[in-house]
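Letter by letter, the sequence shown follows residues -18 to -1, 1 to 111 of mature numbering (1 follows the signal peptide of the UniProt record, and there is no 0).
Worth double-checking, as some hints may not be accurate.
With a Cα cut of at most 20 angstroms, we get these calculated DMTMM-like pairs of lysine to aspartate or glutamate [what the hints assert, rightly or not]:
#  : residue 1 : residue 2
1  : Lys5      : Asp39
2  : Lys31     : Glu70
3  : Lys31     : Asp7
4  : Lys31     : Glu73
5  : Lys62     : Asp27
6  : Lys94     : Glu73
7  : Lys5      : Glu70
8  : Lys94     : Asp27
9  : Lys62     : Glu73
10 : Lys56     : Asp27
11 : Lys56     : Glu73
12 : Lys56     : Glu46
13 : Lys56     : Glu92
14 : Lys5      : Asp27
15 : Lys5      : Asp68
16 : Lys94     : Asp7
17 : Lys56     : Asp7
18 : Lys31     : Asp66
These are computed hints drawn from the structure, not numbers from a lab.
Since this is a predicted model, take the numbers as computed values, not measurements.
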Amino acid sequence: MFSPTILLILNLALPAFGISCYKSDPLFNTQGVQHHMSFCTAIYDVANKHGTFNGGDRDPVRTEKFKMDSNLGKDCRVQKAQNDVDGEWFETYTCHCFTPMCNFPFSFEEFKARGFTLAPHPSKAFSIW
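Make the full structure from the sequences, and use the hints.
Next up, the structure:
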């Protein structure tokens, strides 16, 4: 049997290996969970009203800006992207979050009703939830 101390240490160490994120892409009809990620993402295409959900694994130094933006209540931002096929520009909401399974695949309508945020309590300053 493991001692309570060893179990406590293992519990504390597990988050150091990364977080799990929802993975869903309606264009390719894929769903699942990604493990050992640095952060989770949700990208909503405004024109088509669908979302793509994933995880990312980057150097912690490079993700600090994302964390600071999330702390300031800016987990999601409007961005313009260019289509690779025809060069047409389109708008997306690009969201980053840093807790396990924080990129729940809300429908675009629910995302809009929540104030265009993934946060459980929108704009909760100085907390990554």
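Cross-check of the supplied hints:
1. Lys5 <-> Asp39: holds, 14 angstroms
2. Lys31 <-> Glu70: holds, 17 angstroms
3. Lys31 <-> Asp7: The given pair, whose Cα atoms are some 13 angstroms apart, holds under the 20 angstroms limit.
4. Lys31 <-> Glu73: Holds: Lys31 and Glu73 sit about 11 angstroms apart, inside 20 angstroms.
5. Lys62 <-> Asp27: holds, 10 angstroms
6. Lys94 <-> Glu73: holds, 14 angstroms
7. Lys5 <-> Glu70: Outside the cut-off at roughly 26 angstroms; violated.
8. Lys94 <-> Asp27: holds, 12 angstroms
9. Lys62 <-> Glu73: holds, 5 angstroms
10. Lys56 <-> Asp27: holds, 18 angstroms
11. Lys56 <-> Glu73: holds, 17 angstroms
12. Lys56 <-> Glu46: The hint holds at about 13 angstroms.
13. Lys56 <-> Glu92: holds, 18 angstroms
14. Lys5 <-> Asp27: This hinted pair holds, its Cα atoms lying about 16 angstroms apart.
15. Lys5 <-> Asp68: violated, 27 angstroms
16. Lys94 <-> Asp7: holds, 19 angstroms
17. Lys56 <-> Asp7: violated, 23 angstroms
18. Lys31 <-> Asp66: holds, 19 angstroms
Figure legend: structure checked against the earlier numbered hints; hints not met, in rising order: 7, 15, 17.
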